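Given the structure of chain Y, go ahead and fit chains S, U and W onto it with the hints provided.
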Amino acid sequence: MDKTTVLSKKPLFLGLLFLLFILFAFLPLYGSVYSVILVTAIFMHIVLTVSWVIFSGPTGYISLASAAFFGVGIYTSAILGKTFPLPIVICFGALTSFCLALFVGALTLRLRGIYFSMFTFGLVLLIQQLLLWYEVNITHTRGRFVIVINNATIYYVMFAILAATILTAYFISRSKYGLALQSIGEDEEASAHTGINVTVLKTIIFAVSALFAGAAGAIMATRWTYIDPFIAFNPLFSFMPVLMAIFGGMGQFYGSIIGAVIFAYLQEMLITRFPYYYMLIFGIILVVVILYLPGGLVGLLQKWRKGDLAEKHANT
Amino acid sequence: MRILEGEGVTKYFGGLAAISNVGFHVDQGEIVGLIGPNGAGKTTLFNLISAALVLNSGVIKFKGEKISGLKPHQVCRAGVARTFQSVKIFGNIPVLGNVLLGSLFGTSTGMSSADAAREAMESLEFVGLSTMRATPAKDLTLANQKRLEVARALATQPDLLLIDELIAGLNPTETAQAMELVTRIRDRGITILMIEHVMKAIMSICDRIIVLHHGEKIAEGTPQEITASKTVVEVYLGDQAYAGS
Amino acid sequence: MIVEILDIVIAGLLLGGLYALIAMGLSLQYGVARVLNISHGEFIMLGALGAWFLFGFGVNPLVSLAICGPVTFIIGFLLYRTVFTRLRTSSASIGAYEGSSMLASFGLLFIIQSIALIAWGSGIKGYTYLAFPVNVGGALFAANRLVALAFAVFLGLVFYFFLVRTRLGKAIRAAAQDPATAGLMGVNINQVLALCFGLGAMMAGFAGLLISICYPVNTTMGLEYTIITIIVVVLGGLGSIPGSFIGGFILGLIGSIVTYLEPGLSLAAYYVLFMLLLLVRPTGILGK
Amino acid sequence: MKKKVFLPLLMAIFVLMFLFSATVTTAPAKDKIVVGMSRPLSGPMAKIGDSAFRPVYETFVAEVNAQGGIFVKEFNKKLPIELKVYDDKSDTGTMTRLTEKLILEDKVDFLWPACGTHNIFAQAPIANKYSYILLTAEGGATSITPMLQSLPYLFISLSFSDWYQIPVWADLLAEKGAKTAYIISMADLFGIEYAGVSSIELPKRGINIVGIKSVPPDIKDLSTILKEAQKTKADALMVLAYPDAVILATKQSMEIGYNPKAFLGGPGVNFGFYHAIFGPATEGVSGFSMANRKTSPAMKELFDKLYKNKPEAANDWWGHPLYWAGYEFWKQAIEKAGTLDQKKIKDVMVAETFNTVLGPTSFKGGLMAKESHTGEIGQWQKGLFETVGGGKWPNTKVTAPFVYPKPKWPVPAPAKK
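Chains as they are written, first to last, in numbering that gives the first Met the number 0: chain Y, 0 to 315; chain S, 0 to 244; chain U, 0 to 287; chain W, 0 to 416.
One or more hints might be untrue.
Unchecked claim - Pairwise CB distance ranges, derived in the manner of DEER restraints:
| no. | chain 1 | residue 1 | chain 2 | residue 2 | range |
| --- | --- | --- | --- | --- | --- |
| 1 | Y | Leu101 | S | Gly22 | 52 to 62 Å |
| 2 | Y | Ala163 | S | Gly22 | 51 to 61 Å |
| 3 | W | Ala65 | Y | Lys302 | 49 to 59 Å |
| 4 | U | Ile93 | S | Gly14 | 53 to 63 Å |
| 5 | U | Arg172 | S | Asn37 | 21 to 31 Å |
| 6 | S | Gly22 | U | Ile93 | 38 to 48 Å |
| 7 | S | Gly168 | U | Val279 | 33 to 43 Å |
| 8 | Y | Val199 | S | Thr9 | 23 to 33 Å |
| 9 | U | Glu261 | Y | Tyr264 | 40 to 50 Å |
| 10 | W | Thr141 | U | Ile114 | 37 to 47 Å |
| 11 | W | Lys106 | U | Leu260 | 48 to 58 Å |
| 12 | Y | Pro10 | U | Val279 | 50 to 60 Å |
| 13 | U | Thr88 | S | Leu141 | 35 to 45 Å |
| 14 | S | Leu141 | U | Val279 | 38 to 48 Å |
It should be emphasised that the hints constitute simulated quantities derived from the structure, not laboratory data.
Remember, it's a predicted structure, so these values are computed and weren't measured experimentally.
For glycine and all other residues, C-beta sits at the position ideal for the given N, C-alpha and C.
The following block holds chain Y by itself, in its conformation from the complex (with noise of 0.2 Å):
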């Protein structure tokens, strides 16, 4: 690693990230309504994204369980909105999806590839089928209404995850645990043998990484005023930070949050202005990227800058 380069660009990175942090907390002020709610939208595709980048990301356990996450979050919003103080509702949230992964990861720590993403999936659709026998036959109705919360509190809850998500997956990624938790995506029969805790280390990340999924479900849950086990746990969701991580390059920590903002400002643009075509185009898009992008689009960043600068950039 070269620290001298890394030395001087950090004040300059720092001053964007602090004029990036105070354009988005005046948001609310200066902007139109909707944009404080697209916004809102974007940032819960980063969350999510971050959130499940901080354990698949270097484990490369690719995980389907967000939905699970995210859909524990909106329900728990949907149980207690309406009895507790909305922060109280959002740790709930947080906590029990904690408690979901916990109780998954612990089960599947010898599920390996393949096989440990088909059961996260399977979580996401048992949950949503469980639920829904649940509410039919128990409460004898299919969903909640929800609270309603003005937007601008929504998108300020959701900024806050949002922080915490990624410097949660920042300080991860700095830390021991991130070097860790990359050896275990390396080999993880080296690491066990090299002194790592794996199977704890495992499921303690991952279930971190669901507290984010999990909040960002009990705030979201607040905008979209009525819920039902469909709504809640959508596989869509599941599939959808996956696929932004990539799309953005997980080489690099800032790539899955540069996918989600554009995957996500791309869907907006194509369900509005080609609602006809939107499967087409984006599928079409989909592919391309995995064929000809398969270092996202930090890859292909990278792929400019390397005319530039004879710099290696193999940081960790």
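Just chains S, U and W now, kept in the frame of chain Y:
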């Protein structure tokens, strides 16, 4: 003093005994060689000691404490480090990071990150890789990857190092360097149990040799005794035609 | 009581026959070509809507088999040659290829479905064919499901013997076990993998056609069947074609039993079974 | 180095601020009425949305625009309708966001409904929050009625369970002497409510419910349940589910030779595709309905208009006339109010009765008044979906007597389209 001992160690794979009722010990400060034809169960025994596999019966003790039944990371932290037959390094992580993992996670007490970094650098210097610390491990030559594995193992501050085929696939110069590395490790006070196929190397370096065949211990003794042993020559050296590579 | 049990078993077997058929195609695609094809259900949809479309011109669905099968085969074959061959050659490892090919198939799902949507609209479609009971030894069978079951078994057997007995089949199996060596031994590996993918797509097309006899169909039906397919394939052991065949029947039977006991939980039962199996025996019933 | 990066950075920030800032639009001279909709153009709901409300709104808008538009006194001219349709991918979260986009950013003049009961439930509070009239199409359920008080801008056009369908069905059965019924209901608001209302209304008329089974959406095999129903020898089978399951139940009933004396299916039976699939085998199958060509000359004209050059599968004898009537009502309310002001139009919609294709039509407490209905229960007879039951209202026109028992399924079924 016996640093490692095993009694009645047995492991079945689907009804077949890969290791049956093997007793062995390693004394503090020794270099012990573990030899035997392919499929004799050498690596299986390593896997049992390092807890990659769970044994079916028997007991393995390290410094008098039972370690069989622990998890791999616990065995590592107790002071037993290992390398692998087919190199298992973390290819996309730089060399320093590979070793850092060992010093961060593998030591018995845990240490501050500054200490861990110092320890890692020290290990790298010891094996002679300090100049390549920023290179992704996958870009190293095979010989260097093997050294990296050793450095990573050393960074966990082990008392016992299990080395699985350090010199397979190396050229003569590299082989000599590797053998020299092993003696230097011993000189640091680390006990070594090593699997090796190249007879010349192992005979010259080991204090004692254990011979496995079909999962059973068939002989044990100094290199001279082993070379002289009729059983060994019969069952083992007979197979040497292909095992010398 | 005996009659009830018999009814449940028969219903399960009839459903299972369809499941077995849809699963064999994916099993082949994953087992040999290493593509966990999320767009499998879209090929089922193409087969189903193709049959419906042809039925509109008075073509007997069983005759349509001869049309829909080859068409889906060609689409699958070409897709493999254009998309997946490139992915395979540019992927660093088999694991990376499995990941990226799954995502690419996700993109294909979008493309195929939206083209079908543009061509046929999203409305519910269907037709009646052989929808009457057949009395076999006192028990009543649905004629069309019986035909579907017979075809599923027949196609399954043909397929199995094709793989085991013919030269091409042996080449496919060789490629499944060790693509590199098979390549060295003079098997044109790209051609064989594309063939497998095409054959998998063809099985999906056949299955879709038989589904269209039993169920209403529409352009967005694919994903639902992809999920069932994946469950069956895992049940039987990823990549094991006989496993998928048996897995289909087992899932059908279990579905039928749970539907009888508590229909509200029939799908939940599928998922529970699926997840339990992954935990206890991830390699499936027939996997090693 | 620093300068090099700073400039683009500043520019990027300006661009961002521009992107997100409220667009200041000068109000142009009003020359059209913009109507916004978030519809499931893709995803699993597409099959419902595309066959239910879409053909109606497309035809309706074309017709209104062919006449020059809607006359609005405030502007003293006819304003044509411009549709702005977004695809919500069948995702409720996206739908709520697009709804707010339409209202806040596009500032559409009117909001037309999303598809499906659960989406209406999610959309209604939003529309109400911004004081936008929401006149719904596909969907509606009894459980929203307690909320109607707090949602003054919500108007529901489709009939539902206790809004006279099940009571009328129960009357029909009782009249013919049916004593028992077996219910298969889908695990969904629709199934829950219709099954719930049935278990109140049927016993009231001496009809015993001998079994209720709740099935999940996407169920793939109903044969064991149907055989159980067959064993109970119930007079009536009610399949309170959506089209896929209703069609499956019909097919499997044929396949196992199960012939209940009355067969009522949920949404699905009322569509042309039901007849397109089963042909003459539909004879005697009952479903929910509103009208057919025989109901009135106005109705005939409407159906001729809606289904011109369209395959039979596109027909819908329950929802289409109601959605049409709802929007005819809406258009007259605008003309009467003489403005595009939502509140004023809402007040007109609450108070007035307008003549629509149904006849005199009004809303009561947010629901289309029962008195406006032209029918409730339909039955396939010789290829036509006849209205066989309705309330005792002036608009009601029963077009054929209820056939009971229903003829047996033809054996073997002719393999014709």
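How the hints compare with the structure:
Checked against the hint of 52 to 62 Å, the pair Leu101 (chain Y) and Gly22 (chain S) fails, with Cβ atoms roughly 42 Å apart. Separated by about 56 Å at the C-beta atoms, Ala163 (chain Y) and Gly22 (chain S) satisfy the suggested range of 51 to 61 Å. About 55 Å separates the C-beta atoms of Ala65 (chain W) and Lys302 (chain Y), a value consistent with the hinted range of 49 to 59 Å. Taking the beta carbon of each, Ile93 (chain U) and Gly14 (chain S) are about 31 Å apart, not inside 53 to 63 Å as hinted.
Roughly 28 Å separates the CB atoms of Arg172 (chain U) and Asn37 (chain S), a value that falls within the hinted 21 to 31 Å. Distance hint check: the CB atoms of Gly22 (chain S) and Ile93 (chain U) are about 42 Å apart, consistent with the given range 38 to 48 Å. Separated by about 39 Å at the C-beta atoms, Gly168 (chain S) and Val279 (chain U) satisfy the suggested range of 33 to 43 Å. Look at Val199 (chain Y) against Thr9 (chain S): about 29 Å separates their beta carbons, and that is inside 23 to 33 Å.
About 45 Å separates the C-beta atoms of Glu261 (chain U) and Tyr264 (chain Y), a value consistent with the hinted range of 40 to 50 Å. Range check, Thr141 (chain W) to Ile114 (chain U): Cβ separation about 40 Å, and the 37 to 47 Å hint holds. At roughly 54 Å, the beta carbons of Lys106 (chain W) and Leu260 (chain U) sit within the given window of 48 to 58 Å. Against the hinted window of 50 to 60 Å, the Cβ-Cβ separation of Pro10 (chain Y) and Val279 (chain U) comes to about 55 Å, which satisfies the hint.
For Thr88 (chain U) and Leu141 (chain S), the Cβ-Cβ distance of about 26 Å falls outside the hinted range of 35 to 45 Å, so the restraint is violated. Checked against the hint of 38 to 48 Å, the pair Leu141 (chain S) and Val279 (chain U) passes, with Cβ atoms roughly 40 Å apart.
Going through the hint list in order, the structure does not satisfy hints 1, 4, 13.
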